[in-house]
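Since the structure of chain A is already known, use the hints to place chain B on it.
One line per chain: the protein sequences are A and B, in this order. Each residue of the first sequence is one higher than the last, beginning at 1 in our numbering. Each residue of the second sequence is one higher than the last, beginning at 1001 in our numbering.
I should point out that these hints are in silico values taken from the structure, not numbers from a laboratory. There's no promise every hint is true.
Stated by the list, open to error - Some chain A residues well away from chain B (every beta-carbon gap over 10 Å; in silico): (1) S28; (2) I35; (3) T66; (4) E82; (5) A137; (6) K141; (7) R159; (8) V161; (9) S206.
Claimed, not checked - The calculated label-pair distances, taken between Cβ atoms and stated as ranges, are: (10) I1257/B to S111/A: 46 to 54 Å; (11) V32/A to A1159/B: 38 to 46 Å; (12) G40/A to T1134/B: 22 to 30 Å; (13) L1084/B to V32/A: 22 to 30 Å; (14) R1181/B to F29/A: 55 to 63 Å; (15) W1180/B to T46/A: 50 to 58 Å; (16) K17/A to G1260/B: 38 to 46 Å; (17) I108/A to Q1111/B: 39 to 47 Å.
To be verified - Computed, partial: chain A to chain B, Cβ under 7 Å: (18) I94; (19) I95; (20) E98; (21) G99; (22) V100; (23) L182; (24) Y185; (25) P197; (26) I200; (27) N202; (28) S215; (29) V230.
Glycine included, every Cβ here is placed at the ideal spot set by N, Cα and C.
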Amino acid sequence: MLLAGAYFLLPLYAGLKFALQNDAGHFSFFAVKAIPSAQGFSAAFTLSMKLALVTVVLAMLLMVPTTIYVHLRLPRVRRIVEFITILPIVIPPIILIEGVLGSYPGWIKSSPYLLSFLYVVLAMPFVYRSLDAGLGAIDLKTLVEASRSLGGSWAQTLRRVILPNLRPALLSAMVLTLALVLGEYTMASLDLWETVPVWIVNFQQSDGHITVAASMIGLIGTWVLLTLIVSLDRSQSRRSRRKAGTT
Amino acid sequence: MTPFFVYVFLGLGIPTIALVNLAFRTHAGKLTTKNIHLVTHGVFLTGFENSIRLALISSIIPGILGVFLAYAVHTSRSNIGRRLIATASGVLANFGGINLAFIFIAALGAQGLLTVWLNAIHVNPYSHGFSIYTYYGVATVYLYFQLPLMMLVITPALAGLRPAWREAASNMGASSWRYWRHVGVPVLMPSVLGGMLLLFGSAFAAYATAAALTGGIIALTPIQIGNFLNGNVIAGQENVGYALGLGMLVVLAITMILYGMVRRRASKWLQ
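Okay, chain A solo, but in the shape it has when bound:
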């Protein structure tokens, strides 16, 4: 137990210590402060943010209607959709990007948003499972029937009834997608786009302290995002428990 604790904590300690050191070995915030102005960082950061935004919007536009439709109308295709959404785990990013680079026409490959298009595929397992669990926790059919019989259109039902009830699941799906895009290295580096992770690797020759500081920030960011999801999941399970208690 103690050994395991040491194994997990010591690298983080080493990373933190190295990130908060200057070349002479003294405590300093210089590396953290130097990141924003480091060569190439701001371009990489802008690109990563654009990709993240496009990916999250695209993933939601595609997966929210699909998952709702499966729950409402097509429970029989559920197994097929479940199977398809697991495939990106079996077919890893390295294979996917290889197939894409080998088959897509040049004008698509020259756009960075090809990465967003593919990240939606990579995020599918997490997005689908998260939305599926969220929809399972509410009484979707009753809600939709109530809204429709009161004269609500489909758009109104979606916007005013389903989405507000689905907020925790939506948020956790978005956060998972965001974490995936911001940390993805394989596809971005092989498609030759300098996103933040690719920049970190390319920059390591210039200054080790800045590289480690950026990595450390990346890990802390992942930690914060994922802890956020855990608390969202808790609030959702509290809600569904409450619902079960009243019926």
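Frame of chain A; chain B shown alone:
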């Protein structure tokens, strides 16, 4: 529904079909099995062997350690500790990628903090053939996210071991050893194997961590594919990369079929 299927076909179907097709073509587009022959011999075969060996090390060791750690956590009395470790495993299991690689360089690189500490007590890992930039270094880093992943996967199975079984066994005079030998281990085994297969797949397919650590010099199949995509190919072997991809797909497909089989067995006992 249609947009979803179209999207999946474009984003997942076409690349996979293209990869399989290209694996059997020459650079000029003629049908050939030369690529397959090349990747099952020589340096590419070594790549597969190394990748599979690395994936075995990074699934068996964290697999076994993970079960014991998860059991220790599961049976501990501290409620807060249990919740804390559950959250931590969820986060750490997602800590792969390049960030982790650089943290480990800061810790165990040639000038890393731990290396310096170990040197101070006259243990130099680098003079014993260890290096974070090689095979065992990569395995050490993989352990960091594989171990929490195993703990996440196995905890539900441990929770499914009903106390009643243990009580029944001891009422009938079974020792602790006999309980584990005849009840605990047989019930847990499919879940443990399933977890290890997941770890195997994740270690076998990982590219980012190994690429960042070794700079693409280690002979692992994903790295070889990466080199191929970066344009480092010998004339006449342009399509060998696709055959490597096909080989990886075959290994991963076998892993997942085995996973499906043990999962079916596991769900027999654990609901």
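Going down the list of hints, with the structure as the test:
no.	hint	in the structure
1	S28	15 Å, holds
2	I35	13 Å, holds
3	T66	4 Å, violated
4	E82	12 Å, holds
5	A137	19 Å, holds
6	K141	18 Å, holds
7	R159	19 Å, holds
8	V161	21 Å, holds
9	S206	13 Å, holds
10	I1257/B to S111/A: 46 to 54 Å	36 Å, violated
11	V32/A to A1159/B: 38 to 46 Å	42 Å, holds
12	G40/A to T1134/B: 22 to 30 Å	29 Å, holds
13	L1084/B to V32/A: 22 to 30 Å	27 Å, holds
14	R1181/B to F29/A: 55 to 63 Å	57 Å, holds
15	W1180/B to T46/A: 50 to 58 Å	57 Å, holds
16	K17/A to G1260/B: 38 to 46 Å	45 Å, holds
17	I108/A to Q1111/B: 39 to 47 Å	44 Å, holds
18	I94	5 Å, holds
19	I95	5 Å, holds
20	E98	5 Å, holds
21	G99	3 Å, holds
22	V100	5 Å, holds
23	L182	10 Å, violated
24	Y185	4 Å, holds
25	P197	5 Å, holds
26	I200	6 Å, holds
27	N202	10 Å, violated
28	S215	4 Å, holds
29	V230	5 Å, holds
The earlier numbered hints that this structure contradicts are 3, 10, 23, 27.
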